[in-house]
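Those sequence lines, one after another, are chains A and B.
Numbering of the first sequence is given in our numbering, commencing with residue 1 and proceeding in unit increments.
Numbering of the second sequence is given in our numbering, commencing with residue 1001 and proceeding in unit increments.
No wet-lab data here; the hints were simulated from the structure.
There may be inaccurate statements among the hints.
[To be verified] Selected chain A positions facing chain B (Cβ under 7 Å, derived; list incomplete):
id: 1; residue: Ile103
id: 2; residue: Pro104
id: 3; residue: Ala107
id: 4; residue: Ala112
id: 5; residue: Arg114
id: 6; residue: Leu115
id: 7; residue: Met209
[Claimed, not checked] Some but not every residue of chain B turned toward chain A, in silico, with C-beta under 7 Å:
id: 8; residue: Ile1180
id: 9; residue: Leu1204
id: 10; residue: Ser1205
id: 11; residue: Ser1233
id: 12; residue: Arg1279
Virtual Cβ for every residue (Gly too), placed ideally from N, Cα, C.
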Amino acid sequence: MNAPLLEIRKLSKAFGRVITANNIDLSLEEGVLTSIIGPNGAGKSTLINMLSGSLPVDSGQILFQGVDITRLPIYHRVRMGLCRSFQVVNVFPDLTVFDNVQIPVLAVHRRARRLFRPVMREIDVRKEVGRVLERVGLAAEAQTVASALSHGDQRLLEVGIALAARPRLLFLDEPTAGMNPVERAKILQNIKGLSAEGKTTFVIVEHDMDVVFSLSERVIVLHHGEVIGDGTTQEIQNNPRVREVYLGEEVAA
Amino acid sequence: MNRAWTYIAIAIVLAGLVAIGLFAGRFVVYLSMRVLILSIFALGYNLLLGRTGLLSFGHAAFYAGGAYGLGLLSIHVTTNPLLGIIAGVALACIMALIIGFFCVRHTEIYFAMLTLAFGMMVFSLIWNLRDVTGGDDGLVGIARAPISLGIATIPISKTSHYYFFVLFCFLLTVVLVYLIRRSPFGLILSGIRENDRRVEFAGLSVKNYRLAAFAISGSFAGLAGALGALLESYTNPFSAHWSHSAEPILVSLIGGIQTFAGPIVGSVIFIGLREVIERFTQNWMLWFGLILLAIIMGLRGGVVGGVAQLFGRERGEASASGGAR
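The following block holds chain A by itself, in its conformation from the complex (with noise of 0.2 Å):
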């Protein structure tokens, strides 16, 4: 009865000669966390980017909840809900940490565009954003300045301004690069939980097998911009091709 959450129609892309993604059709279904592995220059980012609006397709069709978004802008796929984090951090680095998750949950809102009145007083928004902060964990740094976080926690803000522009679906660009175990296991935990708590689903882009293997209720394994495997990790970890091109490479290496 219901259109797949999102729904990719003989995708393609090419750089030159080079093709990133070929043909690809893939849909993806509320709630189930899925991950998208494969080997560098797999094609994984180009895949990110076109479902996101950062890069024009050169063919095919990309629909998120029945509607075609192929052409649409970055910030229309947004409010329709459809948002991602990126790889490197990707935050406002001299606003507030109050103040870098503030800005989405204000286009939620639609209080953007208010000119004259303070933004200290919108109440509803300056709760929202302290629940945000308090999922992601960085309530107590609130008044901090973006920049002046760690690592770790600047990639927990990415994500906390991700999720503040309430996205039904969220890809997360190698949520966990650079981090410490510690901030690792904190993070995971969250996504877990965010997850379960059923109001987004989440797509995890990642290298680190650990990770794909510890959350994932399904993989998608993407090599030369096709996709050569795609089932529950249990699967993905038996088929052959997989292990040839991927598993196999990282034993070699």
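Use these hints to put chain B onto chain A, whose structure you have.
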């Protein structure tokens, strides 16, 4: 503690400004008006430069829009200065919306060059449309008729009277810009300066917000232009010249682009220094350039930013929220 000092400082400045209008000689009053008008220009401009992080080299076009809007209305239709100012600001705003529509698609150097190109186009249009704008003669004889408010009329033909009208417009600008800076909209503009891509991923159209900031700063430029035309009873094409666009940039840099009061302090220094230097030498630009060099290299964050640091106010307050929260 800090708060109290801020109020005291504001009270002293206000008293000083009123005292100038009441007691100072004509020349000082005239110079003060030029400072106030340049402040209006720069306060609006700094919403774009300091807040949104966009460097425009074309804002003199909007200043001229305000001046010619008021001048043409005053010569052909009505001399009512309030209507003239409204017409000037409206013309500047429309020009900013049209020019901005093309410019905000680009950032950084491309944005700056586009604004420069449009500014030069406006200048040559004014220069060449002799029948409408008077060409290089400009518009002469813009009257400073009394402001009629239905019940009462306020005469502004005398310099000291007009001063209070300019002061009123200046205070209005200060309040509006202050409110905008601490509004949700102002926070979004900061976000665009810090990381425009991320604002897009917050679900906001960066282009539209840039355009809004552009139009708002253009409108304040128009207000400054209209007041300037009334002050001189005259306007000429050079008000649209790109070298005039540099004034709000210099003034903001001198005062500090990340501070609220920066453009105002910068205007005082700019016009004050120019008057002083011009008494001693013809090439005031040389000396002014040297002073500017010293300020930019020696005082990070301009005069206001530097003084604030000297008094040990935390950096976050001075930069993120404009030092005046």
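How the hints compare with the structure:
1. Nearest Cβ of chain B to the Cβ of Ile103 (chain A): about 5 Å, under the 7 Å cut. The hint holds.
2. With a least beta-carbon distance of about 4 Å to chain B, the hint placing Pro104 (chain A) at the interface is held under the 7 Å criterion.
3. Satisfaction of the interface hint for Ala107 (chain A) is found here, the shortest Cβ-Cβ separation to chain B being roughly 4 Å, below the 7 Å cut-off.
4. A distance limit of 7 Å between C-beta atoms decides the matter here; for Ala112 (chain A) the minimum to chain B is near 5 Å, and the interface restraint holds.
5. Contact between Arg114 (chain A) and chain B, as hinted, is supported at the beta carbon level, the nearest pair being about 5 Å apart and thus within 7 Å.
6. For the restraint placing Leu115 (chain A) at the interface with chain B, the shortest Cβ-Cβ distance is roughly 5 Å, inside the 7 Å limit, so the hint holds.
7. With a least beta-carbon distance of about 28 Å to chain B, the hint placing Met209 (chain A) at the interface is violated under the 7 Å criterion.
8. At about 6 Å, the closest approach between the beta carbon of Ile1180 (chain B) and any beta carbon in chain A falls short of 7 Å, and the interface hint on this residue holds.
9. Look at Leu1204 (chain B): its Cβ gets to within about 5 Å of chain A, closer than 7 Å, so that hint holds up.
10. Hint on Ser1205 (chain B) holds. Least Cβ distance to chain A is approximately 5 Å, under the 7 Å limit.
11. This hint is violated: Ser1233 (chain B) has a C-beta 33 Å from the nearest C-beta of chain A, more than the 7 Å allowed.
12. Taken as an interface hint, Arg1279 (chain B) does not check out: its beta carbon lies about 42 Å from the nearest beta carbon of chain A, beyond 7 Å.
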